[in-house]
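J.: Taken in order, these protein sequences are the chains called A, B, C, D, E and F. So the mapping is simple: my numbering equals the position in the first sequence, first residue as 1, plus 20. So the mapping is simple: my numbering equals the position in the second sequence, first residue as 1, plus 20. So the mapping is simple: my numbering equals the position in the third sequence, first residue as 1, plus 20. So the mapping is simple: my numbering equals the position in the fourth sequence, first residue as 1, plus 20. So the mapping is simple: my numbering equals the position in the fifth sequence, first residue as 1, plus 20. So the mapping is simple: my numbering equals the position in the sixth sequence, first residue as 1, plus 20.
Hints are supplied without guarantee of correctness; some may be wrong.
No copy labels: a pair is met if it fits in one copy or bridges any two.
Straight-line distance between alpha carbons at most 25 Å, and here's what the computed DSS-like set of lysine-lysine pairs gives [unchecked claim]:
no.	residue 1	residue 2
1	K80	K193
2	K85	K193
3	K113	K193
4	K164	K101
5	K193	K261
6	K109	K164
7	K164	K193
8	K219	K113
Keep in mind the hints are simulated off the structure, nothing from the lab.
Residue strings, one per chain:
6 protein chains.
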Amino acid sequence: MRKNIETFIACNSDYKSAGAVLFGAPYDSTTSFRPGARFSPRAIRSESFGIETYSPYQNKDLMDKHVFDGGDLELPFGNSKRALDMITKYTRKVLRDGKLPCMAGGEHLVTLGAARAAAELYPDLSIIHLDAHSDLRDEYLGEKLSHACVMRRIWEVVGDGRIYQFGIRSGDKSEFVWAPGHVYTRMFDLSGIEDTAKKLKDKPVYLTVDLDVLDPSVFPGTGTPEAGGVSFNELSDALFKLSGLNIVGMDITELSPVYDQSGISTAAAVKVLRELLLLFSE
Amino acid sequence: MRKNIETFIACNSDYKSAGAVLFGAPYDSTTSFRPGARFSPRAIRSESFGIETYSPYQNKDLMDKHVFDGGDLELPFGNSKRALDMITKYTRKVLRDGKLPCMAGGEHLVTLGAARAAAELYPDLSIIHLDAHSDLRDEYLGEKLSHACVMRRIWEVVGDGRIYQFGIRSGDKSEFVWAPGHVYTRMFDLSGIEDTAKKLKDKPVYLTVDLDVLDPSVFPGTGTPEAGGVSFNELSDALFKLSGLNIVGMDITELSPVYDQSGISTAAAVKVLRELLLLFSE
Amino acid sequence: MRKNIETFIACNSDYKSAGAVLFGAPYDSTTSFRPGARFSPRAIRSESFGIETYSPYQNKDLMDKHVFDGGDLELPFGNSKRALDMITKYTRKVLRDGKLPCMAGGEHLVTLGAARAAAELYPDLSIIHLDAHSDLRDEYLGEKLSHACVMRRIWEVVGDGRIYQFGIRSGDKSEFVWAPGHVYTRMFDLSGIEDTAKKLKDKPVYLTVDLDVLDPSVFPGTGTPEAGGVSFNELSDALFKLSGLNIVGMDITELSPVYDQSGISTAAAVKVLRELLLLFSE
Amino acid sequence: MRKNIETFIACNSDYKSAGAVLFGAPYDSTTSFRPGARFSPRAIRSESFGIETYSPYQNKDLMDKHVFDGGDLELPFGNSKRALDMITKYTRKVLRDGKLPCMAGGEHLVTLGAARAAAELYPDLSIIHLDAHSDLRDEYLGEKLSHACVMRRIWEVVGDGRIYQFGIRSGDKSEFVWAPGHVYTRMFDLSGIEDTAKKLKDKPVYLTVDLDVLDPSVFPGTGTPEAGGVSFNELSDALFKLSGLNIVGMDITELSPVYDQSGISTAAAVKVLRELLLLFSE
Amino acid sequence: MRKNIETFIACNSDYKSAGAVLFGAPYDSTTSFRPGARFSPRAIRSESFGIETYSPYQNKDLMDKHVFDGGDLELPFGNSKRALDMITKYTRKVLRDGKLPCMAGGEHLVTLGAARAAAELYPDLSIIHLDAHSDLRDEYLGEKLSHACVMRRIWEVVGDGRIYQFGIRSGDKSEFVWAPGHVYTRMFDLSGIEDTAKKLKDKPVYLTVDLDVLDPSVFPGTGTPEAGGVSFNELSDALFKLSGLNIVGMDITELSPVYDQSGISTAAAVKVLRELLLLFSE
Amino acid sequence: MRKNIETFIACNSDYKSAGAVLFGAPYDSTTSFRPGARFSPRAIRSESFGIETYSPYQNKDLMDKHVFDGGDLELPFGNSKRALDMITKYTRKVLRDGKLPCMAGGEHLVTLGAARAAAELYPDLSIIHLDAHSDLRDEYLGEKLSHACVMRRIWEVVGDGRIYQFGIRSGDKSEFVWAPGHVYTRMFDLSGIEDTAKKLKDKPVYLTVDLDVLDPSVFPGTGTPEAGGVSFNELSDALFKLSGLNIVGMDITELSPVYDQSGISTAAAVKVLRELLLLFSE
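Same shape as in the complex, but just chain A:
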């Protein structure tokens, strides 16, 4: 008799033989508008059975990959520091074992935990960041550890010229004043990502996809829907252009299933995750 094991579809490799490790970081305590991203990893797994393992876009099949689904970290709600430390520790182990960490948030703050671990191992780490929001505030409501500050915190780790943002269409005025010279920002769409891909050829890259870069019509189930985003095909085309890069860690964040009554946001997240795993895992 088999045990009940619910993993993301076809991610049933064991840890040892896996090339990539998928894990959930169900944390959303600093979400300032609509919480619920904590339920994202569970929803992504559950709904993954609504798609195929095969991608006709890439002509690849998840059945041919070796991905271990490590389940969810048990993060303490209301204690961001400790939650981030746990994420860093887990990611560090995965990286040291020579595997690709692939994290499903949670709110965007969780990226800080994983990116810190990647930057430890790869001091010359660059970040490719797809998002509606620039997340470059120095603090938010008095807090340094906030989803609205996550790229600023990561910039403190990796430094100037290492962060490449795409799709940004919202932020405080001060963020846009600060950004030039510190990070590269492509406003409103994902154009030019192939240039960034060329530039970062062979360099270690952490890829973070805040799914609210998608238009709210495509991805309503998120904490802060921001009109005027990209379509699913625009996002997946951009991701395909990163093919061949040395992605050493990646994540998707900000799916909030509570606001996804129709289920299309979760279905989109699941498909993005499948394409990412097919692109970058072995």
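Using the hints provided, position chains B, C, D, E and F relative to the given structure of chain A.
T.: Frame of chain A, contents of chains B, C, D, E and F only:
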């Protein structure tokens, strides 16, 4: 590193040492009104983390029980005969291994599969049946294998005087004409269940709880909500009165999470299941 | 080939041979809080196929009754006067043809249209009124024709001592000051309705059930949910006590399907309507 | 007094004088992911009153057409074979009476029933198939009669080179391996449909539109939302290019109103149906 | 201690020093399909805290503007004439005080109230009208004051050649027959709005945006979703082309939060309103 | 021209002349299951306009009371310590000004902030605590400041024999083992609250109502619905029995509007709050 294993809360025994086996029967192809009971086992597991393992009602803790969560059967939608055969086969094995099968439907038709297996091993099997609907039709829209006929089919297996129904408040006129002499029916509430409990002392009993016996205010997420049902406390009190019976198999059915937008139906189902496991498993 | 005719379940008599006429009054333009009662008649018909035609409570079957479903009136949104005139005209014809009008609102204001027609034919008409709200305001936001004033307007037609209210649990202070001497009001529950039934024996009675007399747990889908109402069984028991009265017209109002995501309110309304038709139609 | 007859808007011709016959096939028992397509025909009729009868796209008015709305078939849930036989029988009669059958599913499997009838009368029948999924599996979970196999079953009837698929963006790898030589498949979008239209000029064609060819943002209310689909204008433009073809039967399928909380999917389905009737009925 | 004052984000100027006055007109009594637009102003304010005050599109910040949020008018449901008079009166005062009125509906009928006031002060007023529906009926269900007739009523005020419609994709045939010679109508999209902008340079213009001009995927929460609309970026680009016009009054209408379960419609409305205030207020 | 001031209905006193101060504590960062209580204060205010100011239960009118609505505190998500300090500071000021603080949470943890302030001023403070959960854990997921530990933390402040719990029906086994000798706990219902009222006559009491003490049928919109709770009338009857007590502070917590699709939970919370203000404010 641990694997991701999502079971019903605290049901993490292995099969061998388990006294009870929980499994899902996600089938709803004959549902005539509002489908979706197929998603019930998954929802029950997922939401079980919202309750405690300890019951102050019984002063027992699920942590002290040995329950194996066998996951869900993969049943073929649209083929009731084959689906029922798979359920019978699984239940039979559990019973032969000396364990208590506890099934989470699915629509009520799935009970036929499990009850048949129980009747094989226990030819003098009785059935305690809590439900809003008598389910005694001989056929429905031309079909013999329908949720609306399930107790009639089970009656064909166990015979007259073996089925005890409680809480019935809906049915075709012909069902109520047919019932007397064939099955015992308590209308509208659960009164007198202690008399049935006395009568069936030491006899093998299969217990089937169609959760729509609950009032729709308590349990809106079901295929055919029928006003005028019992409260949660009335249901659990009735179940506690069955304590000490020789329950050889049991199930809960007809949770349809799609119609449970607020989540209270799933939370109620989870609590009923916890109480049942605490009552009858070891 | 048959045409597609969707009526309330089993209400497929033709007009001529019918003893009762069911019709919808989909108007909600004066609803002050949450509109949507306009969709009620359509929802009631559509969901009526989720219940049985047979009532085990009364041991009667709608298949044995002769009810004509006249469909919905096409009422002009935003013009209460004209809408009420159309309702009065339709009800008058049904009454003159010797049939029982049974109206499905719409907001409660529609009762004024039907009750006026009944009072024309039966000058000694009494009103039995089940509701959470007393609806006795003289005006509301400057309007005389408002759901919040409907019983006051009807009182202007039938006079003192003719209106019997039950279940009232909300109102402006002025309404409760005005009521004594003009209308009989039973607060909070339906107790004593058998006394009213005795008193009105053989007299013509119009019965109006604002379904929000039910507790919001039982009937969430309504414009103004008011906590602390009666259960479904309390309501149906009260209605059964009216059996034998000379009901010359009746209605149910204030189901708002938009707020009935789980469908239990519509299912309850459908069951109330079935019981009413079984009680009072031939 | 008029009876209550709810048809699709303006489809109030009688059968005899009708050039087209609209009917519902409310079946979804083989739906493997999210059921509910059974409620589609009812929802389509009910919501059709939210649109105009006039199409400014085609400058035609449904008031000038003669369409009979035959209501819904009463199909037995859980018995696919019998359900399909009933669909075939109904479609055959419509075709023999010289009228255009226009079916509203239900899940996509129902197309098999209608296409079989069309292939009987038109042995050289071709199929134009718009869909997100190729539906070419030989079996699914052990079943031959499944929505996931419907085009394979139809291929068994019409043979090689007769099926033209557009918009396909999901499937099992084996389906894409099998397809070439058997069916024509346009991946991802609807480009080139005008070439197919030219090729099929004057030949009998059955047109089946699985509405999930639309992007989930446009059409969230469906059993298996698949990101990356076409817009409403892309779909309607493609349909307009089929103008003048000899369409002998057509259908729309896979609207699942349960997942259409906002109502936009039903509104889109209603508009597609209006345009189809304006395009191909007389 | 501060009082609780909930305004649209950053619209906290006092009346006297304000250049623009935002106010709500929560009326929807003539809505013929799905009501609920009455809740729009409250939802817009409440959700405005989910966006930034800064617009990267215009590089302007609402913090630098002086907008007074006047709250909502208390309009009498069911009495359109009186409601419109109240709107006219309020708008007239704002205009006479030299400020820009910016109204948040409510159904589209409310525009008549505001446009009448603007036409009083500016007899040569033109109207720019973005909408899915032409709203040019002479009457609807016997009513002259209906959302479906609002532009016809306004035409009676401003006369031929003064109304410029864009994005129209739905209407009764008679509306399209009547329009030429009376109003300018751009079908299906917003093309050519820059020509209209040139033509109306320096003339007083009232701008009315029925938000259902947006595609239902972007804006599901509306009374009559009409497939085939424009994207958010297409709408905002069109609005930016009106920059520099002499806008003397403006409104957004037809958000119905009840049908906006995911919240994306409200978020889009909030963003449109922010951009409008940044474009035209001081 | 008036400013837009949205307060809880009729709570429009100014601070100085107010006898009671209502304020919101929109914090939910430690919620372990379903977040969203942060939206509660705003929802309570907004929906308060759906009820009357007059209570027929108490024959009192909120128009006759002097309550200042202080709006919501701006609490930092993800920093429980700082959030609690802000609550304590605000409550302390209200108490020192001789007014009754009435807080609307937020998750239950916020009670710690207010109770601490009350215990400062009233060293002999007792707590009456209505709840489904005992909240007596010493820590939860490693955190001391968690909603699951709030009564334990308060016990650390007030000491043994000062906390009176009612309606408790869920908890970890260890909580029930620890409780006796430390706190008084009435299981499952609210019986005996009049004895507690007698005992605490003339003593300072802080009253905290976790609204999930209500049955989930009555109050579905909460973070952790727990079947088997009390009815609305049982709750209000219990509160009326506290009439005359020296309540020095009070709160209602754990409404999560996100899970209150039908709105009945918010309507119930609003009514509880009205009754509390009528009972204890001047």
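J.: Could you work out which of the previously given hints the structure breaks and list their numbers from low to high?
T.: When the structure is compared with the hints, numbers 3, 8 turn out to be violated.
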